[in-house]
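Colleague: Next come the chains, spelled out residue by residue.
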Amino acid sequence: MIKNKKIDIKGVAIEGATLLSALIIIAIVVVMIVVIVNGGKQQLSWEFLTSFPTDGMTKGGIFPAIYGTFMLVIIMSVAAVPFGTITAIYLTEYAKENSVIAKTIRFAVRTLAVIPSIIYGLFGLGFFIKFVGAQVDSTFYGGQLKWGQPNLLWASLTMALLTLPVVIVSVEEALRTVPKDLRAASLALGATKWQTIWKVVLPGSISGIMTGTILAVSRGAGEVAPILFTGAAYYLATLPGLSDQFMVLGYHIYVMTTQSANVDQTLPIQFGTTCVLLMLTFLLNMTAVILRYRIRKKKNN
Amino acid sequence: MTKKKSKKELLNRNTESVNIDITQKKFRLSDFLAEKVIKGVAFLSIAIIILIFVFVFRESLPIFQPEKATVGLVTAKQEVQETYGEVTDSLSTSPAVQETYGAVKDTTEVQEQYGAVKDTTEVQEQYGVQTKDTLGGIQADDTYTVSSGSGYDHNRAALRSLGTTEWVPVSEKPRYGILALLMGTLKITLISMLFSAPLAILAALYTSVFANKKMKEIIKPTIELLAGFPSVVIGFFALMVLATFLQSIFHYDTRLNSFVGGIAMGIAAIPIIFTITEDALTAVPKTYYEASLALGASRWQTAFFVILPAATPGIFAAILLGIGRVFGETMIALMATGNAAQMDINPFASVRTLAATIGAEMAEVVFGDTHYNVLFLIGSLLFIFTFLLNAIAEFYVKGKLLKRIQGK
Numbered sequence: 001m002i003k004n005k006k007i008d009i010k011g012v013a014i015e016g017a018t019l020l021s022a023l024i025i026i027a028i029v030v031v032m033i034v035v036i037v038n039g040g041k042q043q044l045s046w047e048f049l050t051s052f053p054t055d056g057m058t059k060g061g062i063f064p065a066i067y068g069t070f071m072l073v074i075i076m077s078v079a080a081v082p083f084g085t086i087t088a089i090y091l092t093e094y095a096k097e098n099s100v101i102a103k104t105i106r107f108a109v110r111t112l113a114v115i116p117s118i119i120y121g122l123f124g125l126g127f128f129i130k131f132v133g134a135q136v137d138s139t140f141y142g143g144q145l146k147w148g149q150p151n152l153l154w155a156s157l158t159m160a161l162l163t164l165p166v167v168i169v170s171v172e173e174a175l176r177t178v179p180k181d182l183r184a185a186s187l188a189l190g191a192t193k194w195q196t197i198w199k200v201v202l203p204g205s206i207s208g209i210m211t212g213t214i215l216a217v218s219r220g221a222g223e224v225a226p227i228l229f230t231g232a233a234y235y236l237a238t239l240p241g242l243s244d245q246f247m248v249l250g251y252h253i254y255v256m257t258t259q260s261a262n263v264d265q266t267l268p269i270q271f272g273t274t275c276v277l278l279m280l281t282f283l284l285n286m287t288a289v290i291l292r293y294r295i296r297k298k299k300n301n
Numbered sequence: 001m002t003k004k005k006s007k008k009e010l011l012n013r014n015t016e017s018v019n020i021d022i023t024q025k026k027f028r029l030s031d032f033l034a035e036k037v038i039k040g041v042a043f044l045s046i047a048i049i050i051l052i053f054v055f056v057f058r059e060s061l062p063i064f065q066p067e068k069a070t071v072g073l074v075t076a077k078q079e080v081q082e083t084y085g086e087v088t089d090s091l092s093t094s095p096a097v098q099e100t101y102g103a104v105k106d107t108t109e110v111q112e113q114y115g116a117v118k119d120t121t122e123v124q125e126q127y128g129v130q131t132k133d134t135l136g137g138i139q140a141d142d143t144y145t146v147s148s149g150s151g152y153d154h155n156r157a158a159l160r161s162l163g164t165t166e167w168v169p170v171s172e173k174p175r176y177g178i179l180a181l182l183m184g185t186l187k188i189t190l191i192s193m194l195f196s197a198p199l200a201i202l203a204a205l206y207t208s209v210f211a212n213k214k215m216k217e218i219i220k221p222t223i224e225l226l227a228g229f230p231s232v233v234i235g236f237f238a239l240m241v242l243a244t245f246l247q248s249i250f251h252y253d254t255r256l257n258s259f260v261g262g263i264a265m266g267i268a269a270i271p272i273i274f275t276i277t278e279d280a281l282t283a284v285p286k287t288y289y290e291a292s293l294a295l296g297a298s299r300w301q302t303a304f305f306v307i308l309p310a311a312t313p314g315i316f317a318a319i320l321l322g323i324g325r326v327f328g329e330t331m332i333a334l335m336a337t338g339n340a341a342q343m344d345i346n347p348f349a350s351v352r353t354l355a356a357t358i359g360a361e362m363a364e365v366v367f368g369d370t371h372y373n374v375l376f377l378i379g380s381l382l383f384i385f386t387f388l389l390n391a392i393a394e395f396y397v398k399g400k401l402l403k404r405i406q407g408k
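Listed in order, the protein sequences are those of chains R and Y.
Everything in the first sequence is counted per our numbering, starting at 1 for the first residue and increasing by one.
Everything in the second sequence is counted per our numbering, starting at 1 for the first residue and increasing by one.
A portion of the hints provided could be inaccurate.
Unchecked claim - Sample of chain R residues lacking proximity to chain Y, with all beta carbon distances greater than 10 Å (derived):
#, residue
1, L44
2, E173
3, S186
4, R219
Claimed, not checked - Dumping the calculated DSS-like pairs for lysine-lysine here, alpha-carbon to alpha-carbon at most 27 Å:
#, chain 1, residue 1, chain 2, residue 2
5, Y, K213, R, K96
6, Y, K216, R, K297
7, R, K59, R, K193
8, R, K199, Y, K39
It should be emphasised that the hints constitute simulated quantities derived from the structure, not laboratory data.
Cβ coordinates follow ideal geometry from the N, Cα and C atoms, glycine included.
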C-alpha cells in the first residue's frame, strides 16, 4: 500500500455537508406532507368530498371545486395531449436533428416551459376572452356577452398552453425509446412513413404519452395563477357548464386562506382542501414517476 | 437484379412477383397530408410564443399613447362643442369631459381658458356662438367642477409615474410606481436564491458523485415529487406553518414578509436548480473523475475541483432558470409575502412582487382602464425578462458547456 488511508476530516466534513443538503431537501418535503396530511385528515370524509359548501363557505364540502378541477383537466388534456404528441412526433420522426426549424421549435417549447404561469393568465384574458371570445360574441350572439367573459373553456385552453411543454417533453422522450430497428423493419415491409408512425411507433410509446398526460394533469390541477382571472370563481351554487365560471381546488385554497372573512373558523376546510389537492397531485406524480422509470429501464435494456 | 445481399435486395427478391420499385418514392396523399398537418402543428409552439408576446403587449399599448380625442381645445371647435353638450346632459359621468381635456395637463390652464369663454369676446369667437348658447353660466361652472378632478391625461400621468416608488393604483390621482414592486421582487429573488441554490447544488453534487444507488433512488423521486407540488400548496404551507415557525426563531414583527416568501419560493425553485445541475454534473465525462482519482486526489477534491468547475455553465443555467421561476411565481408571493409595496431593504419587511400585483389586482380592475394597461405592461416586462433569462441559459451557457466538456 502506497499510503495509509487516513481519516480525512476535511473530506468527511465536505461530503457530510453535501449529504446534509440532500437530507434537508428530503426533510422539507416530508415535513410539508406530514403537516398538511396531519392537519387535513380529520376533515377528510366522504361527505366533505361530495357536498356543497354551506353556511357562507364556513361549513360543508368541496364537491364543486373537485368537479371544477376535474372538468378543467379533462378539457385541458383533450386540447393539449394531441397537439403535444403531434409536435413530439414532428421533432423525433420528421425534423432533422440539427435543422434550424427543429432547434427553433425546441427553444420555443423550453421557453413555454419557463414563462411564468401568470403570463398565461394575462394571455388567456387578452387573447381568448378579449379577442376570440369577443369576436365570437359579436359574430354569433349579436354582441350579447356570452363567451367574451371568463369561463371554464377559456381557462382550460389557457391551462392547455401551460401544460403543452410537459406533454411534448415526455412524449418525445418516449418516442426515442422505440428502437430504430422496428421503424426500419416496418418501412422495409412496405409500410409508409405515416403507417409506421401510426401502427408501430405510437403503440410502442403509449406509456410515454400516458406519462405526459398524467404529468400535465397534475400540473394543471395544481396551477392557480393562469385561471385567477380567466374563469375561477369564489362560490357557485350550481355545477358549471362550458361557458360558466367554475370553482377549482387550488383557487379555493387561495380564497379561503386570504380572502375569507373568518380565516380561523375555516381552517379545517383549508387544510382539508389542501390535503385533497396534495394527495391528488401526489398520486398522479407517483404514477408518472413509476411509468417513466419503466420507460427508462426499457430504454437501457 | 444483382445478387448483393443487402437488406433491400433481399426484400425485393422475396416480393419479386409484386414488383415494387422501392427506389422510387410513390406519392401518397395520406402520407403527404399527415406530414403537412404534423409540421403545421409543430409550428404551433412557436406561434404561441409570438401570440403571447403580441397579445400581452397589445393590452398594455394604450398607455404609450396619449388618451384618445385629445384634439386641442382651440383648434377643434366642433369636437369641443359636442362634448360640452354631452356633459350638460349627464353631469355625473365624467369620461367624456376627461377625454376632451386630455391634452390639457394643468387644471389651472383649463380654468383660464374656461374663464375666457365667459369673459372675453376674443375666445368667444374661437369657440363660436353656439358654445355660449348651449352652456349657461351655472352649467359651465358645474362642468368645470366635474372636469377638474379628472381633467388630466391618465396615460401620460401613469407613464410618468412608472419610475417612482409609490404604487397607489386606486385613488384620486393614481400612481403606478413600479420601483417598489421591482425592488420587492429582486429582494425575494435574492433571498430565495441564497437559500435554495447552495442547498440544491450541494444535494445535486452528492447525488451525482457521492451517493450510492440506493440513496439516488430515494433522492431523485423525492425531488420529482417536490417539483410536482402545486405552488398554492407551498404557499399555504408557508402561510400557515413556515411563517409562524420562522417568526418564533427570528422574532420579527410582521409575520408575513419577504424572508418567509423567499424561503417558500426557494422550496419551489429547488427542483429546477437540482435537476439541471444534476444533469450538468452527470454530463461531465467519467474519465475526468477517474483521471483525477488516479492522480491521487480524494473523492471530495475530485468533486469540488474537477467535476464542479467542469459543470459551471450548467449550474449557471440552473440558477438562471431558478431565478426565472421565482421572478414569475405568483401564488406563493400572494399568500406569504404580506403584499405591501414599500421600499425597504430589511428582509423582515413585507413586500409585494410584480407577479403578485398582477394576480391580486387584475380581477378587480376595470377592463381597458389605465390600471389594466399598467398591469399588462408589468406582464410584458415579466415575459421579456424570463424570455431573456431562458435565452441566455439556452444559447450562451450550452455553447460554453459543450466547448468545455469536449475540450475544444
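Colleague: Does each hint hold? Answer for all of them.
Modeller: Structure-based check of each hint:
Even its closest Cβ contact with chain Y, about 16 Å, leaves L44/R beyond 10 Å, as expected for a residue assigned away from the interface. With a least CB separation of 13 Å from chain Y, E173/R remains clear of the 10 Å interface cut-off, as annotated. Chain Y leaves S186/R outside its interface by the beta-carbon criterion, the shortest separation being 12 Å against a cut-off of 10 Å. A beta-carbon of chain Y comes within 10 Å of the beta-carbon of R219/R; the shortest separation is about 8 Å.
The straight-line distance between the Cα atoms of K213/Y and K96/R is roughly 36 Å, outside the 27 Å bound, and the hint therefore fails. Under the criterion of a C-alpha separation no larger than 27 Å, the hint pairing K216/Y with K297/R is consistent with the structure, at around 15 Å. In summary, the hint linking K59/R to K193/R is not supported, as the alpha carbons are separated by about 58 Å, beyond the 27 Å threshold. About 19 Å separates the Cα atoms of K199/R and K39/Y, which keeps this hinted pair within 27 Å; it holds.
This entry does not satisfy hints 4, 5 and 7, going by the numbered hints stated previously.
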